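Quick mapping for you: the protein sequence lines, in order, are chains G and A.
The opening residue of the first sequence carries number 3 in my numbering; numbering runs sequentially from there.
The opening residue of the second sequence carries number 7 in my numbering; numbering runs sequentially from there.
These are computed hints drawn from the structure, not numbers from a lab.
Mixed in with the good hints, there may be bad ones.
Residues of chain G clear of chain A, computed beta-carbon distances all greater than 10 Å [said to hold, decoys possible]:
id, residue
1, E69
2, T186
3, I194
4, K329
5, I331
6, N336
7, G345
8, Y411
9, D412
Label-pair distances were calculated between CB atoms; the ranges are [stated by the list, open to error]:
id, chain 1, residue 1, chain 2, residue 2, range
10, A, N40, G, I234, 34 to 44 Å
11, A, Q71, G, I98, 21 to 31 Å
12, A, Q71, G, E413, 44 to 54 Å
13, G, V289, A, W44, 50 to 60 Å
14, G, V289, A, G51, 26 to 36 Å
15, A, I59, G, P33, 54 to 64 Å
16, A, G131, G, G415, 30 to 40 Å
17, G, K152, A, G49, 52 to 62 Å
18, G, N336, A, D169, 12 to 22 Å
19, G, A295, A, Q87, 48 to 58 Å
In silico contact screen, one side only, chain G against chain A (beta carbon under 7 Å); selected entries [said to hold, decoys possible]:
id, residue
20, G166
21, G189
22, I190
23, L208
24, P307
25, P310
26, A333
Predicted model, so just to flag it, every value in this text is computed and none were measured.
Beta carbons are placed, not taken as given, at the ideal position from N, Cα and C, and that holds for glycine.
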Amino acid sequence: MTIRQTGRTPGETRELEVRPRGGVPSARRGPQQRMADWVEERVGLAAFNRKYGRKAFPVHTTFFLGEMALFSFVILVLTGAYLGLIYVPSSDPITIGGEDLPAAYASVRLIESIPVANLLRNVHHWASHLMIISIVLHSLRIYFTGTYRKPRELNWAIGVVLLGLSLMAGFVGYSLPYDSYAVTATGIGYGIARSIPFVGHIAADLFFGGAFPSFGSVPRLYTIHVFIVPAIMTAVMGLHLVLVIKQKHTQPGYARRLAEPGKVLGVPLWPYQAILAGVLLMLMFGVLFLLGALVPPHPLEAYGPPGPANTAVKPDWYVLWIYGFLKLIPASVNFSVAGSTFGPNFFGGLVFPAIVLGLLTLAPWLDSTNRKATRNYEYLEPPRQSPMRMAIGTGVLVYILMLFVAAYYDEIGLNVGLTWLLTIAVPLVTGAAVFLWGKRVARYREEDFDPRTVDTPATGDQPATEATPAD
Amino acid sequence: MSTVSPNSTERLTLEGPESGAPEVEDQGLVTRRNLLKWVIRLGYGAFAAAFAIPALALQSLTQEQQVVEAGDQLTYAAGGQSGQPIRAGELQPNTAVLALPQNKTENQQNTVILVRVAPGQGAEGLVAYSAICTHLGCSVLGRLVNNEIACPCHASRFDPRNDAAVLGGPAPRPLPSLPITVGPEGVITAAGGFNGEIGPA
Ligand code: HEM
Ligand code: FES
Numbered sequence: 003m004t005i006r007q008t009g010r011t012p013g014e015t016r017e018l019e020v021r022p023r024g025g026v027p028s029a030r031r032g033p034q035q036r037m038a039d040w041v042e043e044r045v046g047l048a049a050f051n052r053k054y055g056r057k058a059f060p061v062h063t064t065f066f067l068g069e070m071a072l073f074s075f076v077i078l079v080l081t082g083a084y085l086g087l088i089y090v091p092s093s094d095p096i097t098i099g100g101e102d103l104p105a106a107y108a109s110v111r112l113i114e115s116i117p118v119a120n121l122l123r124n125v126h127h128w129a130s131h132l133m134i135i136s137i138v139l140h141s142l143r144i145y146f147t148g149t150y151r152k153p154r155e156l157n158w159a160i161g162v163v164l165l166g167l168s169l170m171a172g173f174v175g176y177s178l179p180y181d182s183y184a185v186t187a188t189g190i191g192y193g194i195a196r197s198i199p200f201v202g203h204i205a206a207d208l209f210f211g212g213a214f215p216s217f218g219s220v221p222r223l224y225t226i227h228v229f230i231v232p233a234i235m236t237a238v239m240g241l242h243l244v245l246v247i248k249q250k251h252t253q254p255g256y257a258r259r260l261a262e263p264g265k266v267l268g269v270p271l272w273p274y275q276a277i278l279a280g281v282l283l284m285l286m287f288g289v290l291f292l293l294g295a296l297v298p299p300h301p302l303e304a305y306g307p308p309g310p311a312n313t314a315v316k317p318d319w320y321v322l323w324i325y326g327f328l329k330l331i332p333a334s335v336n337f338s339v340a341g342s343t344f345g346p347n348f349f350g351g352l353v354f355p356a357i358v359l360g361l362l363t364l365a366p367w368l369d370s371t372n373r374k375a376t377r378n379y380e381y382l383e384p385p386r387q388s389p390m391r392m393a394i395g396t397g398v399l400v401y402i403l404m405l406f407v408a409a410y411y412d413e414i415g416l417n418v419g420l421t422w423l424l425t426i427a428v429p430l431v432t433g434a435a436v437f438l439w440g441k442r443v444a445r446y447r448e449e450d451f452d453p454r455t456v457d458t459p460a461t462g463d464q465p466a467t468e469a470t471p472a473d
Numbered sequence: 007m008s009t010v011s012p013n014s015t016e017r018l019t020l021e022g023p024e025s026g027a028p029e030v031e032d033q034g035l036v037t038r039r040n041l042l043k044w045v046i047r048l049g050y051g052a053f054a055a056a057f058a059i060p061a062l063a064l065q066s067l068t069q070e071q072q073v074v075e076a077g078d079q080l081t082y083a084a085g086g087q088s089g090q091p092i093r094a095g096e097l098q099p100n101t102a103v104l105a106l107p108q109n110k111t112e113n114q115q116n117t118v119i120l121v122r123v124a125p126g127q128g129a130e131g132l133v134a135y136s137a138i139c140t141h142l143g144c145s146v147l148g149r150l151v152n153n154e155i156a157c158p159c160h161a162s163r164f165d166p167r168n169d170a171a172v173l174g175g176p177a178p179r180p181l182p183s184l185p186i187t188v189g190p191e192g193v194i195t196a197a198g199g200f201n202g203e204i205g206p207a
């Protein structure tokens, strides 16, 4: 028995070794390969590679948006870790060159004075924009092609959580440089948190480390920004990706004609998708470094240290829609229940974004085609196949854009009433127009793509494809 | 990989004998299974408490802040003359300036907007309000916009001639006002504290 086992094991190993290396006999292998063999015999990565390395990735430009979000996060972690080595999370005043400055502000000024650190700070800031843009575009792709439907409802909801967490990371990140902008913007956040009925004061003081700005605030916000939110995000991203692997990708409709149902048409993770992803990562690094070097997104002297004289602050675009809504909501939206106030800041600053993110989360359950679903949706649906979805999607997007306009209403000469009217009318009209147009152009049916009814096109040079088995 | 997973084996051995005698559990007897269930629940409880108690301990560190009182001299809050006393005669009609009580400049909640609403040298025509917007606590602009006090954050506007009543925007209540007196050489002093709560409620 012992003899047979030893006799079998090396044989098996040789079989595994030879395949990936194009048939080099093991006797003639160099030290590097022998080292690889040594690891392989103990860790057995070949089996792992057979199981996951062959996972097929459909190749489509929009399928890289999720990867872009992931890579932005990686870049944020790397650059953020570097910044954390210099940054001082404290608002205590320190004297530098006769000037009393909060320590955090002074340390970011130090970061700005070191060229490499300044570059990485700019990259960190730009990467946070890129991350949120990627997540937004990624979710739009999924929305408009209807791939949030069965069986991917849960992963859609997880994706909305990731969007919320990255908005949170960005908001808290802004407080850290502790310039005039940071203190004003974070103070507004504190005011909004305080407006929660009943528990607002406790919740706000817990999150902001006391009545903002107090000396407990910066350490608290710092820990939330560099540890708590990224740690939760890492875990949630892991879950998101595990589900993608488990449920497999959806694919563009043409895959129906080229691959059997249940098979994914695409390039294998190793090496082709890995190469594409690597190129994307390098490209992103390149673009971000170039941007960071040429366009400082938030130079400290633009706002200066915190002081009584306020510079007008507008939040970044990714929370500007909430700001626009806050500006529109009248002070009269205000009532008391059991001695606690439900005021405009609560409705505008918290309830409104919660409704938006909540409706987004519920999209798979609101979509009637999904409620009636008897089977899984494994292919992207051309957007115009569903005029209703297209209309709602564009309507909501236009609404968000109108709230950006509302954020500037007083500066562009509008009054509140007219702005209200526009923010409601323009999205409704656009949505209706898109719906009517969609009704006319909607001519695709799922059946049109049935591999049995559609002739396989004569493909002289097919794309490089790999079909993975169903599991 | 079609072997029975450890989980299902476990369930078989645990549930097997019990499903035969459900009455034992219904009578609330201390069976081994019941006891274990309670031990597990206790474990969850201890786990939750281990997080809840430190979370309560995270409560705020609230800094003691000096607030403006009667007798505090008002000084320029910003600009080149920052820290210098403001004299009543230095303010032109229909202009405003941000002020802080001398020696209490650390607490920015003390910021005051001084407005000259009518020509004059003394306290007549001079009004002072908290500069902290009652909406979400931004400090209002240190100048008048169309003869109104304006908040740059969400466009609230207040009437300096009418106890800083809200003229527009989301602010829920007027800016609290600060009683002032004008002493010799035009030095402006607070004659008391603000007449209301500063900033958002
Ligand atoms: C592990 C991950 C992260 C670490 C360690 C980290 C660390 C830091 C540090 C130390 C700062 C203060 C330095 C400075 O202001 O320049 C900062 C600022 C900032 N962070 Fe992060 N961060 C991380 C992830 C993120 C994420 C996920 C986002 C947003 C999606 C983000 C957005 C920001 C923003 C907007 C700022 C302000 C930048 C500025 O000063 O102009 N960070 N971060
Ligand atoms: S804080 Fe002044 S209008 Fe919002």
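Status of each hint after checking the structure:
no. : hint                         : verdict
1   : E69                          : holds, 30 Å
2   : T186                         : violated, 6 Å
3   : I194                         : violated, 7 Å
4   : K329                         : violated, 4 Å
5   : I331                         : violated, 6 Å
6   : N336                         : violated, 7 Å
7   : G345                         : violated, 7 Å
8   : Y411                         : violated, 7 Å
9   : D412                         : violated, 4 Å
10  : A:N40 to G:I234: 34 to 44 Å  : holds, 36 Å
11  : A:Q71 to G:I98: 21 to 31 Å   : holds, 24 Å
12  : A:Q71 to G:E413: 44 to 54 Å  : violated, 34 Å
13  : G:V289 to A:W44: 50 to 60 Å  : holds, 58 Å
14  : G:V289 to A:G51: 26 to 36 Å  : violated, 51 Å
15  : A:I59 to G:P33: 54 to 64 Å   : holds, 57 Å
16  : A:G131 to G:G415: 30 to 40 Å : holds, 32 Å
17  : G:K152 to A:G49: 52 to 62 Å  : violated, 37 Å
18  : G:N336 to A:D169: 12 to 22 Å : holds, 20 Å
19  : G:A295 to A:Q87: 48 to 58 Å  : violated, 39 Å
20  : G166                         : violated, 21 Å
21  : G189                         : holds, 5 Å
22  : I190                         : holds, 5 Å
23  : L208                         : holds, 6 Å
24  : P307                         : violated, 11 Å
25  : P310                         : holds, 4 Å
26  : A333                         : holds, 5 Å
Checked against the numbered hints given earlier, this structure breaks hints 2, 3, 4, 5, 6, 7, 8, 9, 12, 14, 17, 19, 20 and 24; the rest are met.
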